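Chemist: So the sequence lines, in the order shown, correspond to chains A and B.
To convert, count from 1 in the first sequence and add 7; that's the numbering used here.
To convert, count from 1 in the second sequence and add 4; that's the numbering used here.
Source of the hints: derived by calculation from the structure; they are not laboratory data.
Some clues are possibly wrong.
[Claimed, not checked] Listed next, with one range per pair, are the computed distances between beta-carbon atoms:
| id | chain 1 | residue 1 | chain 2 | residue 2 | range |
| --- | --- | --- | --- | --- | --- |
| 1 | B | G319 | A | D152 | 56 to 64 Å |
| 2 | A | A320 | B | R196 | 52 to 60 Å |
| 3 | A | N169 | B | A360 | 18 to 26 Å |
| 4 | B | A305 | A | R183 | 22 to 30 Å |
| 5 | A | Q145 | B | L334 | 52 to 60 Å |
| 6 | B | Q120 | A | A351 | 43 to 51 Å |
| 7 | B | T244 | A | P358 | 51 to 59 Å |
| 8 | B | R76 | A | W228 | 41 to 49 Å |
| 9 | B | R76 | A | A297 | 51 to 59 Å |
| 10 | B | E91 | A | L432 | 18 to 26 Å |
| 11 | A | A428 | B | T154 | 36 to 44 Å |
| 12 | A | D184 | B | W142 | 32 to 40 Å |
[Stated by the list, open to error] Going by beta-carbon spacing under 7 Å, a handful of chain B positions derived as facing chain A:
| id | residue |
| --- | --- |
| 13 | A13 |
| 14 | A18 |
| 15 | V20 |
| 16 | M31 |
| 17 | I343 |
| 18 | D345 |
| 19 | A357 |
It should be emphasised that the depicted structure is a prediction, and the values quoted were computed from it without experimental measurement.
In this text, a Cβ means the ideal position worked out from N, Cα and C, and glycines have one as well.
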Amino acid sequence: MTTLPLWAQALTWLFLAYFVGINLVYLVLNLIALRSVHRDSALRTLAALPAYTAGLEPGVSICIPAYNEEATIAESVRSMLQIDYPDFEIIVVNDGSKDRTVDVLKREFGLQPFQQAYRRTLPVKPLRGIYRSPQHPQLLVIDKDNGGRSDAVNAAVNASRNGLLCVVDADSVLERDSLKRVVRPFIEDPLTVACGGTVRISNGCHISRGYLERVDVASNWLARIQILEYLRGFHNGRIGWAPLNALLIISGAFGVFRRTTLVEAGGFSVDTIGEDMELTMRLHRMHRLAGRAYRIAFVPEAVCWTEAPESLAVLRSQRTRWQRGLLESLWKHRILFFHPKAGAVGWLACPAMLLIEGLGPLVELLGYAVMTALIVFDLVSWPAFGAFLLLAFGSGLMLSAAALLLEEMAFRTYPRPRHLAVLLLAMVVENLGYRQLTVWWRTVGLFKWLTGQKQRWGEMHRLGVRGTGPRP
Amino acid sequence: MFDSISDPALRLAAGVGLTALALTGMMALAVVGMRVHAVRSRRRHERAVQRWRPLMVQVAAGDDCTAPRLQRGEQVPVLLLWNQMQESLRGAAHLRLNEFGERIGLYALAQRLESQPTVAARVLGDAALGHFAKVADWSRLDQGMHEVGTPASLAAARALMRIDAASAAESVFERYLKHSDWPAPRVGTLLRESPHEAIAGPLTRRLMDGKLYDRLRLLPLLRFAEVPNIHSLLDRLVQTSQEPQVLSIAMRQLQGPAALADVRRLAGHTDPLVRSAAAQALGRIGTAADQNRLIDLMGDANWWVRYRAAQSLVGMPRVEADDMVQLRRLVSDRYARDILDQVMAERSLAAQALAA
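Using the sequences and the hints, build the whole thing.
Modeler: Below, the structure written as structure tokens:
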């Protein structure tokens, strides 16, 4: 065995610092999350006592952008119509679908053309028609030319009548009380401008007529690992960042925004891939740099269920897109980094996001490559190689275990011992190929962003996890 | 380098990796342990409810029953159950359950919980003390209400209002205005379940004499409190206020014609918030003479003013659908026509829904 070259030594220390740094950041976030979850879970035991706000919730417009959703849209809208909330409207925006999305809506809900004095508060692609349903007065459907997801949401913002806007994906299922829960920060603190909820994976769950009837874990290992990934992302990250008012993403699959603030910010950006993160960062920027008090909140117990990809091709496209979106948003709002007025957002959240999520995959990939090269060229011993693998896998396992611990402490969503066993096993299985694949895809996303390559939205092949019967 | 375990980088890597693995193992064990504990505590809770619910129902109905000893593990589930039942009981049944609760030690338990540092314990304790409604607990609850921390302080306020609403109302309003942590809807719920005669006086006085900030925070509460002289109070606010937010909130609640002249004047206000509220108010308290004013407002630069004016116009007494069709032909402003079309379409849709 020869002496290690200087560059390899430096790289080794870099990887070491990276893994230790990540663990420390997540450890702190976990402690914050643990405190917040502990406090809230104690109060949840009092759910039997009378609610203080029943019937006094502010009006909410639920915006559902839909593109080629003929298979799921009717069920989604039905699920939204059953939500337990005193005052809401549903605005479905058909974004120039190539399939029969609008026809399905017309047929299922008896839609009629409606003469609406449409406000163009935010610029959007031309409208083809507006429809309402006599049976469901709270349902409004906008048919418009294709302009992308953001354009569709902006079209809904223009038509909305309520002070709060809830953006939900067309293939998502909201739990009946999710809206009541996610609106709570707006009631409790008038400074709240946006609030997100938890997104969970619906693969394997039993959903009928838009109702989540029984929670289960998917049979597909790809989906099982994503359950764990989502738990990690929402429990470790978002619950931890929210008390610092430094949450950088309100998920596009389920988020509520104050309408006036959203309009003031210019709505969703139509030229960004990660429009949800971009908007959240824009809201931080708008308020922080102007010295305006505000709050971006997160309610973990407000839950929305969504379908995860079960094919590698769709997953690859999703992960490269997410990575590009993340870097695009961070770059666009780079002024926040270490800005004197940016507080926890600029001094903690943005740098952490860049180092851990933005550049992390590259560092990890380099780590694997360098360590493999060193062992091949006999520059390090097998015990040394093993120690680094132990560090990489150990830190990954620890983060997953922490997320599971938070889940068990606060929510206990997966009720059966079998579910727990599957998730504990998924923690280990994730490290045997899945993690390395996602690291590779995310690195590809990083290079695509660097080289300015266009990213296409992948087509999601729906698996029919939302009902027991065949799809229409 | 890296050829032996004595290398510092290697030792650090192995150390951190092993620590992470050990922590993972501990957390995995904790997850399993918590699940076992949760299952056991749920069963214990269910057993306690099964045992005590029939007894409490008997007591509430006025039947004699011998109270068994309250086991330590049953205390919190039984207090929760007792609170739940008390929420739906009034009069003699409520008093009988109070007496029963005291007999089995729930009152002492509530006092103990009230003084604990955890929010959940305090909320539960305060809720129970509110049902027991003993004046002896006044000072501890008053102290709890003035602490910052929404759930516990609101629970203490609710308990105080249950003990003596007339005496508590003043300090509840004072606490509400002093700190910004109590959301108006929650205070509104508190007022809605309290005797109206106890809150009307303090609310009116603070509204009329208060500063702008106080007025803005108190005005939304008016709809929860049946203030006997609310109409004259609102009229006075509309006549004397300058602040757009106060004017708009007050006008939205106007029911009588006393302030009509002021509403007409405010229909030309520079702030769209005020114009929109004035358009709405004209629909409720206006006369046929206000139709032209509303037609003008339908051409306003602000969408909401146009919409409220059209709604008011279409909803005015003795205005038929044919009149609107006629009016639509006469209106030259494109925006006014569009908004009128929308409101008429909404009416027609609502009629169809009603017919269906």
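Chemist: All hints are to be evaluated individually against the structure, with a verdict given for each.
Modeler: For each hint, the structure was consulted:
1. B/G319 - A/D152: 56 to 64 Å: Violated, since B/G319 and A/D152 (Cβ atoms, about 35 Å apart) do not stay within the stated range.
2. A/A320 - B/R196: 52 to 60 Å: Given range 52 to 60 Å: holds, Cβ gap about 56 Å.
3. A/N169 - B/A360: 18 to 26 Å: holds, 25 Å
4. B/A305 - A/R183: 22 to 30 Å: Distance hint for B/A305, A/R183 is violated at roughly 41 Å.
5. A/Q145 - B/L334: 52 to 60 Å: violated, 33 Å
6. B/Q120 - A/A351: 43 to 51 Å: violated, 31 Å
7. B/T244 - A/P358: 51 to 59 Å: holds, 54 Å
8. B/R76 - A/W228: 41 to 49 Å: For B/R76 and A/W228 the Cβ distance comes to about 45 Å; the hint holds.
9. B/R76 - A/A297: 51 to 59 Å: Because 56 Å falls inside the window, the suggested range holds.
10. B/E91 - A/L432: 18 to 26 Å: violated, 45 Å
11. A/A428 - B/T154: 36 to 44 Å: holds, 39 Å
12. A/D184 - B/W142: 32 to 40 Å: holds, 36 Å
13. A13: holds, 6 Å
14. A18: Hint holds; B/A18 Cβ to chain A Cβ min 4 Å, cut 7 Å.
15. V20: At 5 Å from the nearest chain A Cβ, B/V20 passes the 7 Å test, so the hint holds.
16. M31: Check passed: Cβ of B/M31 comes within 4 Å of chain A, closer than 7 Å.
17. I343: Holds. Min distance 5 Å.
18. D345: holds, 4 Å
19. A357: holds, 5 Å
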